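What follows is each chain in one-letter form.
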Amino acid sequence: MRRGGRTRRAPFRTAPSDLKTLVTAVFAFYLFAGIVLLSGAATILSKNPVHSVLWLILAFFNAAGLFILLGAEFLAMLLVIVYVGAVAVLFLFVVMMLDIDFAALRAGFVKALPVGLLLAVVLVSELLLVAGGSVRVVAGEAAAPLDGFVGMTNTQALGSVLYTKYLFVFQASGIVLLTAMVGAIVLTHRQRAGTKRQDVGAQVARTPASSISNVKPVSGEGVSL
Amino acid sequence: MHPTFASIQIAAPELVLTIGSLLTLMLGVFRGDRSLVPLTWVCVLIFGIAGVAAATGDQAAAFGGLYVADGFSAYLKVMILAAAAVSAVLALPYLQHAATGRFEYPVLLMLATLGMCMMVSANDMLTLYIGLELLSLASYTLAAFHRNEARSSEAGLKYFILGALASGILLYGISLVYGFGGSTNFETLSATLRGPAGQSTGVVFGLVFILAGLMFKISAVPFHMWTPDVYEGAPTPVAAFFSAAPKAAAMGLLVRVCVEAFGGMTFDWRQIVSVVAIASMLLGAVGAIGQTNIKRLLAYSSIANVGFALIGLAAGTVEGISGVLFYMAVYLVMTLGAFVCVLQMRDADGKPVETLSSLNGLSRSRKGLAAALAVLMFSLAGIPPLLGFWPKFAVFTAAIDTQLYLLAVIGVVASVIGAYYYLRVVKAMYFDEPAPAFAASDSRVNAGLIGIAALFCSPLGMLAITPLVGAARVAARALF
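Each protein sequence line maps, in turn, to chains V and S. Under this note's numbering, the residues of the first sequence are numbered 1 to 225, in order. Under this note's numbering, the residues of the second sequence are numbered 1001 to 1480, in order.
A hint or two may mislead.
Claimed, not checked - Quick list of in silico lysine-lysine cross-link-like pairs, DSS-like style, CA-CA up to 30 angstroms:
1) S:Lys1158 x V:Lys111
2) S:Lys1351 x V:Lys47
3) S:Lys1351 x S:Lys1158
4) S:Lys1427 x S:Lys1367
5) S:Lys1367 x S:Lys1351
6) S:Lys1427 x S:Lys1351
What the hints assert, rightly or not - Far from chain V by the CB rule (all over 12 angstroms, computed), these chain S residues:
7) Ala1112
8) Ile1130
9) Arg1147
Calculated directly from the structure, the hints in this document are not laboratory data. Since we're looking at a predicted model, the values are computed, not measured. Just so it is clear, CB atoms sit at the ideal spot from N, CA and C, and this is done for glycine as well.
Generate coordinates for the entire structure from the input sequences, incorporating the hints supplied.
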């Protein structure tokens, strides 16, 4: 871990000599990381899909805590606002509203297990291979902020490049979202027969002559309008 | 001039497409589905303007190295825009017939094309990913465009799930390369990877994942599983679109990533590309034999053709890359021509039919159509005097020049096997007992498109070889 030059970093980087801060940071890291792992496992293990989503939200909150420890306060807030605030809540609604038979979904689990396990083993061994090679070297160098962003908060740094350096891809991402929106409307929006819509023009154009009629009721027979 | 304005000028084709798609979207929203025909022609006009902008615009890097306009991107953009314009026009009779004439069709086509133009101009992993995702999102919607038909919805869903997985794999690869190579910019990466960083296992893993993600888009074996199902289920004009422009764009992207970003790791990616090319050629040739549906047959044909084009990339020389570009240009014409012929296959009630047996005896009821389809099939098979032979010849020569003899030999063997099923179509049309005749042609434009495609592939098309090869060589040289 390199020091110096970075004043706005996580506590255990700015004052490593302060044992109490270091212990707090390490304690916080293991707390957050432990809860992320546990709630991640609970997400895929719990029988009730609603509980799964709630566990997922807990995992998101703790991952946000990990980001704060790294000094990435913007990402932490983004995680809470976007993932917890929007995505997970949307998941929750969808899971509650869809009548999915989860027992039927799990039916193929045992059959697919060998393939899944094989794939997992391959991927894990690949990761270990990669990690065994050169991760340590990279980790020592990766922590320094880029030139030109020293002394800035994350939010400032992101804001300073989003509309300048990354203007092209930023605007293009907007088009990607627009495409997704157009696609969703194309695939789901339909004009149902028999729906009653408000026609403002017709309402405004109503005149007394067209909407009031005089009838002479005959006693005992009522009126039909 | 402010650098941003200069950059915007260089990216003029994308700007034209963005403004054009927003404009057509607004027009469509206010005028409703009855505006499908005028909007389609507006869309073709905008493709034309963008094509002119791409062909004549300044060639330089823009937006701080995120985007680059060079000879390579100009060649591919003109090709993509032309193919997309044809895809927009050929769909009109079908869409009007099937009562799904929604105005969003040209809009989505333009957004997909915008994504493709970004892809071939990508000079950074970030632009690559955003462009690819833009194309993919529009494609998923187009595949499911016939939303009331189960097959179409299934095609859309299948494409979406597998495409999302491929995007995930691609992103994982990009993150590995960024982590070990230190940059997402192609030029910086190229410089870094020529050094010791190129030896690290992490970069090689990243390369493998990136190639896997891109191979999915060009439907090369072993990432081809979705192709026959999606082509069969998607509306025929959409299948025609999928088989043409996106293939060219993804192939261009693959070439640029391999030659530019991973230029120092040719040995590593050549192995992968060679194996994938061999697998695609063989599986495309063998898999098509048992098919009874013409759209599935064309899907396998596209898998095989991608394999042939990859031979040129495996060679990795200027000759090889220009072979790839030449191949894709000829392939686009052949596949679009074949799909317009498929669009003509409608029974007496006007309902589309897709079985091979319905082509039986076509030469007696529709002489012109049968002759055109026969020329296209012979050309796809690579029979010498027809145009389809020459790009195959170009990529095989490039492979032999780089001592990739095995690739060239297997390529020739695969084309011989593949010739069987192309000839089977011709045999059905000319020698089998007639099946019920098709409905008469409903569109002069489409009949004209078939005529142009057939003429282009006929020996007359050899006039086009010199200018096409010349342009492809200029384009390929931009990468070296």
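So, going through the hints one by one against the coordinates:
Taken as a hint, the Lys1158 of chain S and Lys111 of chain V pair is honoured in the structure, with Cα atoms around 21 angstroms apart against an allowance of 30 angstroms. With a C-alpha separation of about 48 angstroms, the suggested pair Lys1351 of chain S and Lys47 of chain V falls outside the 30 angstroms cut-off, and the hint is violated. Annotation: proposed proximity of Lys1351 of chain S to Lys1158 of chain S holds, straight-line Cα distance about 25 angstroms (limit 30 angstroms). For the given pair, Lys1427 of chain S sits about 14 angstroms from Lys1367 of chain S by alpha-carbon distance, which is consistent with the 30 angstroms threshold.
The straight-line distance between the Cα atoms of Lys1367 of chain S and Lys1351 of chain S is roughly 21 angstroms, inside the 30 angstroms bound, and the hint therefore holds. Between the alpha carbons of Lys1427 of chain S and Lys1351 of chain S the distance comes to roughly 24 angstroms, so the proposed pair stays at or under 30 angstroms and holds. Once the 12 angstroms rule is applied to beta carbons, Ala1112 of chain S is inconsistent with being away from chain V; the minimum gap is 8 angstroms. Not every C-beta of chain V lies more than 12 angstroms from that of Ile1130 of chain S, the closest at about 5 angstroms, which undercuts listing it as non-interface.
Interface exclusion of Arg1147 of chain S from chain V breaks down, the closest Cβ pair being 5 angstroms apart, not more than 12 angstroms.
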